[in-house]
Amino acid sequence: MHIQKDSRLRKFHQAKWDEEIIFELSVPGERGIVVPEVEPEIENELGEVANVLPANMVRKNKPALPEVGQMRVLKHFLRLSQENLGGDLNVDIGQGTCTMKYNPKVNEAIVRSHKASKLHPSQPESTVQGALQIIHEMEQYFREMSGMDAFSFQPSSGSHAILVMASIMQKHHEMRGEASLRDELITTIFSHPSNAAAAAVKGYKIITVFPDQDGFPDIEELKRVVSSRTAGLFITNPEDIGLFNPRIDEFTRIVREVGGICGYDQANANGILGMTRAREAGFDMCFFNLHKTFGTPHGCGGPASAAIGVTNELKQFLPVPTVAFDGQNYRLDWGNEYSIGKSRVFYGAFPVILRAYAWIRSLGAQGLEEVARIAVLNNNYMLANIIKIEGATSPYPGGKRRIEQVRYSWEKLHRETGVGTHDISLRMCDFGFHLWSSHHPFVVPEPFTIEPTESYSKAELDEYLDGLRHIAEEARLEPETVKTAPHRSAVHKMDESCMDDPRRWAITWRAYQKKARQ
Amino acid sequence: MWSSTAEELPNIKWYVNKTIMNTKMNTKKDFIHPYIPNSVPANKKAMMETIGITDIAQLYEDIPERLRLRSKINIPAAILSEAALKKHVNTVLAKNTSCEERLSFLGGGCVNNYVPAICDEIVGRAEFLTAYAGEPYEDHGRFQALFEYESLMAELLELDVVNVPTYDWGQAASTSVRMCGRITGRSEMLVPDTISPDRFNVIHNYCHPVMKLIMVKHHRETGMMDLKDLRSKLNANVAGIYFENPSYLGFIEEQGQEIADLLHALGGEVVVGTDPSSLGVLAPPVQYGADICCGDIQSLGNHMYFGGAVGGFISSRDEEKYVMEYPSRLFGVTRNEKKGEWHFGDVAYSRTSFDGREKGKEFVGTAAALYGISTAVYLSLMGPEGMVELGKKLVSYATYTARRLAELKGIRIRFNAFIFKEFAIDFSGTGKSVAAINQSLLEKGMFGGKDLGTEFPELANCALFCVTDNHTKEDLDSLVSAIGKAIS
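So the sequences go chain by chain: A and B. Take 0 as the starting number for the first sequence in numbering that gives the first Met the number 0 and just add one per residue. Take 0 as the starting number for the second sequence in numbering that gives the first Met the number 0 and just add one per residue.
Where hints are given, some of them may not hold.
Taking lysine-lysine pairs in the DSBU-like style, the calculated list, with each CA pair at most 30 Å apart, reads [unchecked claim]:
no., chain 1, residue 1, chain 2, residue 2
1, B, K338, A, K387
2, A, K204, B, K358
3, A, K204, B, K320
4, B, K472, A, K59
5, A, K514, B, K472
6, B, K337, A, K482
7, B, K338, B, K320
8, A, K492, B, K337
9, A, K59, A, K10
10, A, K457, B, K43
11, B, K472, A, K513
12, B, K94, A, K104
13, B, K44, A, K514
14, B, K86, A, K104
15, A, K74, A, K492
16, B, K472, A, K4
Stretch by stretch, here's where chain B covers chain A in the computed footprint (C-beta under 8 Å, at least three residues) [as the list claims (entries may be wrong)]:
no., stretch
17, 26-34
18, 41-47
19, 227-236
20, 295-308
21, 357-371
Short, incomplete list of chain B residues facing chain A, as computed with Cβ under 7 Å [to be verified]:
no., residue
22, I62
23, E99
24, F305
25, E319
26, L380
27, M445
None of these hints come from the bench; they were simulated from the model. None of these values were measured; they are calculated from a predicted model. In this text, a Cβ means the ideal position worked out from N, Cα and C, and glycines have one as well.
So that you can see chain A by itself, here it is in the shape it has in the complex (with noise of 0.2 Å):
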């Protein structure tokens, strides 16, 4: 379908470098980089290896990896750099629940600097006063975003903050002698799904919530699960589908008044920064994750880092260390015997924490709250003009606004046209975007997730909600152009069934030639 005169969407093609697999690209002899050599004085000291190993432990064939000139494998990953979207490049706002905002150049500037990136763990603490210094105000910024008492960065993520979370809070049932009467940990099904899955990786039966007619999670469901088995509850706010709950108080009330411990998922906070707090809202503990909400890059899927905090209640169990400051001195503080003890090796994901001490110096206060506003403005913006769309809906009619994303669906496009959210996903790839629909399972049908962040200016919004018009329109008038998408990226569709079949999966280069072989 031809873009239309007024639209704003672009004659995109993505990068088709036909790449080979870096191991094609072997030539016997060729080299990448050379290591230092020995010296010859321990070279002639020492000799072979076979001297200074253990026979039984020589490895006796070189590793069977590729054999590419510098220049050669530089230009490959280039290629493969290419043939990848990248947030700094597209209106990345179809990745809703992971705050997909701009990632500041000069955060990257900074974390290069070889007194951020040559820092070893087990120097001198008089060496590293700078890298303490940055965690110590973290944890005192992140306490007064939350009104929480302490915090760590011992999280290596958002899910591994759930980790701990549900680590300290049966920790707080051991020490009542109770962790064992209480085996029950109540999430609900518009939470992200780690608030289930790792909660059971510390042996909680978990017990999900679903939404009542208006969307907010069922206080009466949960008035009747609540029992003296609940260790506790862990909860997002606002939840995936973009709602606000205003009875969470409510909710946190009810958990703790049968003795359960009540914990924040505040992985995603953008819209909701210096407007209303884990504290009033009658939490135990929160965590944020920097990599959404504090700007930090996400890699293709980590480094992440996410603070997590506690009340005083709770301070002894936090994972160590903590940084303290005697008014001198940043030194690491290991806590007492009452920790978890720790969740990650060393101390933390510096380079994101550093990053993220940048981008909130830049902002200030005012500036976190213009944030939160501007995303929250964003995504009604993203609403009004969305729910006009012709087989877009905007499910649940609780609430008179939604804060920082919304839970969208294509079911009445899907029912019209038989062309659904996956088939848009892949036809957005064709005009430079990225549409993702939502967590399994899907309790809204052919979803899409929004979440516009306050990076993106009007006029990007606008450009992106043309090329939403125009697949919903095209999936009507032409829906084979849909449902064969993509057209204009680095490959075609493929028939993903050899994923799920052990006879033909390959996840290595070595599988793939002993499978294809057979």
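Position chain B against the provided structure of chain A, taking the given hints into account.
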């Protein structure tokens, strides 16, 4: 603009510095931040008209008054100018002294190996750095790069399955242990008491209370596992064993095959944590009976970042028994012959928590993918010759240094065993503490070995030294000389 809760944060110096940091803002002037294009009034106005509101505050009407934060967040004011921001952060970072400015012999799970320029070039590419969760179509590149990461690691390990990286070695070991528990239906895991305490604490928290870790003793003289003690701890509830090679304390465990045979006879699984930078010269653990391998990729093309740039790998044979127990993403390849294209996708997605919530295997989410890409670049550059050269360099330089140190009066190599790149030195005979020796080294511009006494009471007065591919013979000799002076 500071709220009255300042007394809660008595030590933060921004209260005195605020006049420096405070840019000329007042509440009447519009706050327009470069990161927020729609903070411009004209954009706001147009969008509010579309929504049908006159004030953004109306968008928050679902938040009840009782839940509202009534004061401003009490953090420092914005540093709007990029130049000023960079200057400020660099001023704080300037308080650090890096391993570029000092000669470091620290290791213990984080090493100052050389990172090739092309690794930095590739992970700095915006297309990779700022990507996240695209489909295998618009994000073909990251799927291929991470498939290649899996494939390159697989050649080092001689195994057919490697995961997309998890957080770190601690997490990789934790998940390996839990995989053994699920595979065998048993709940005890054996672990040598020479394991890194930091790593042990991660595994312990992850396993508690579902699986129990049981410590196996070591030989005092060699550090290697005490097989008699191991035999005494074998029973029908043992899911498997996790041990490390080279060990945290530097020595090489030579009894791998015997340990594996003992466990396999019992129907248990064998997990080996290994340093991948050793695998150019050391036998991959699968050669002595490992079922699952795990470890960290920091040493392969990633900077140290205060221990914060780590990534964990897990690897096994290509059997459903193992593959279906991974919680991580596993990217697979297939060939579209008709179009002549390589395609990539998620293998067995239904096992993940993304698909099955609490019914999935453990959980999956954002972890350390970018470090996986860096490692893919690193291994592509190194090739077989580079990894052999690296292994040879590390083992030669470590052995040389240990021998020279052992020639000093009162100093001995703590364990009578082969080493790879790290080794424990016992200073007991010198009458000097590790702290005193390290202070003396620091004054000469060196970071000495890690003090092991706080982690292992038995190793009071011992320190763990590590060499890297950056070290020269002159560096090693200057360490030996400086220690000689420090103990005299």
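Going down the list of hints, with the structure as the test:
1. Restraint check for K338(B) and K387(A): the C-alpha separation of about 38 Å exceeds 30 Å, so the hint is violated.
2. At most 30 Å may separate the alpha-carbon atoms for a hinted pair to count; K204(A) and K358(B) meet this at roughly 11 Å.
3. Restraint check for K204(A) and K320(B): the C-alpha separation of about 25 Å stays at or below 30 Å, so the hint holds.
4. Only pairs whose Cα atoms come within 30 Å are accepted, and K472(B) paired with K59(A) is accepted, the gap being roughly 28 Å.
5. With a CA separation close to 47 Å, the supplied pair K514(A) and K472(B) exceeds the 30 Å bound.
6. Between the alpha carbons of K337(B) and K482(A) the distance comes to roughly 18 Å, so the proposed pair stays at or under 30 Å and holds.
7. Restraint check for K338(B) and K320(B): the C-alpha separation of about 34 Å exceeds 30 Å, so the hint is violated.
8. Of the supplied pair hints, the one linking K492(A) and K337(B) holds, its CA atoms being roughly 11 Å apart against a limit of 30 Å.
9. About 54 Å separates the Cα atoms of K59(A) and K10(A), which puts this hinted pair outside 30 Å; it is violated.
10. The suggested pairing of K457(A) with K43(B) holds, with an alpha-carbon distance near 9 Å, which does not exceed 30 Å.
11. For the given pair, K472(B) sits about 44 Å from K513(A) by alpha-carbon distance, which is inconsistent with the 30 Å threshold.
12. Between K94(B) and K104(A) the alpha-carbon distance is near 23 Å, which keeps this suggested pair within the 30 Å criterion.
13. As the CA atoms of K44(B) and K514(A) are separated by approximately 60 Å, the hinted pair breaks the 30 Å bound.
14. Our distance criterion of 30 Å between C-alpha atoms is met by K86(B) and K104(A), whose separation comes to about 15 Å.
15. For the hint pairing K74(A) with K492(A), the CA-to-CA distance comes to about 25 Å; that is within 30 Å, so the pair holds.
16. Annotation: proposed proximity of K472(B) to K4(A) is violated, straight-line Cα distance about 70 Å (limit 30 Å).
17. A count of 6 residues in the stretch 26-34 of chain A with a Cβ less than 8 Å from any Cβ of chain B is obtained; the coverage claim is therefore met, three being the minimum.
18. A count of 4 residues in the stretch 41-47 of chain A with a Cβ less than 8 Å from any Cβ of chain B is obtained; the coverage claim is therefore met, three being the minimum.
19. By the rule of at least three residues with a Cβ nearer than 8 Å to a Cβ of chain B, the coverage given for the stretch 227-236 of chain A is violated, with 0 such residues.
20. Counting residues of the stretch 295-308 of chain A whose CB falls under 8 Å from any CB of chain B gives 8; the rule of at least 3 is met.
21. Given as covered by chain B, the stretch 357-371 of chain A passes the check, having 13 residues with a CB less than 8 Å from a CB of that chain where 3 are the minimum.
22. For I62(B), the suggested interface contact is upheld, since its CB lies about 5 Å from the closest CB of chain A, less than 7 Å.
23. A cut of 7 Å between beta carbons decides the hint on E99(B): the least distance to chain A is about 4 Å, and the hint holds.
24. At a threshold of 7 Å, the smallest CB-CB gap from F305(B) to chain A is about 4 Å, leaving the interface hint in force.
25. Using the Cβ-Cβ criterion of 7 Å, the hint placing E319(B) at the interface with chain A is satisfied: the shortest such distance is roughly 5 Å.
26. Because the closest C-beta pair between L380(B) and chain A is about 3 Å apart, less than 7 Å, the hint holds.
27. Checking M445(B) against chain A by beta carbon gives a least distance of about 11 Å; that is not within 7 Å, so the hint is violated.
The structure fails to meet hints 1, 5, 7, 9, 11, 13, 16, 19, 27 from the earlier list, while all remaining hints are met.
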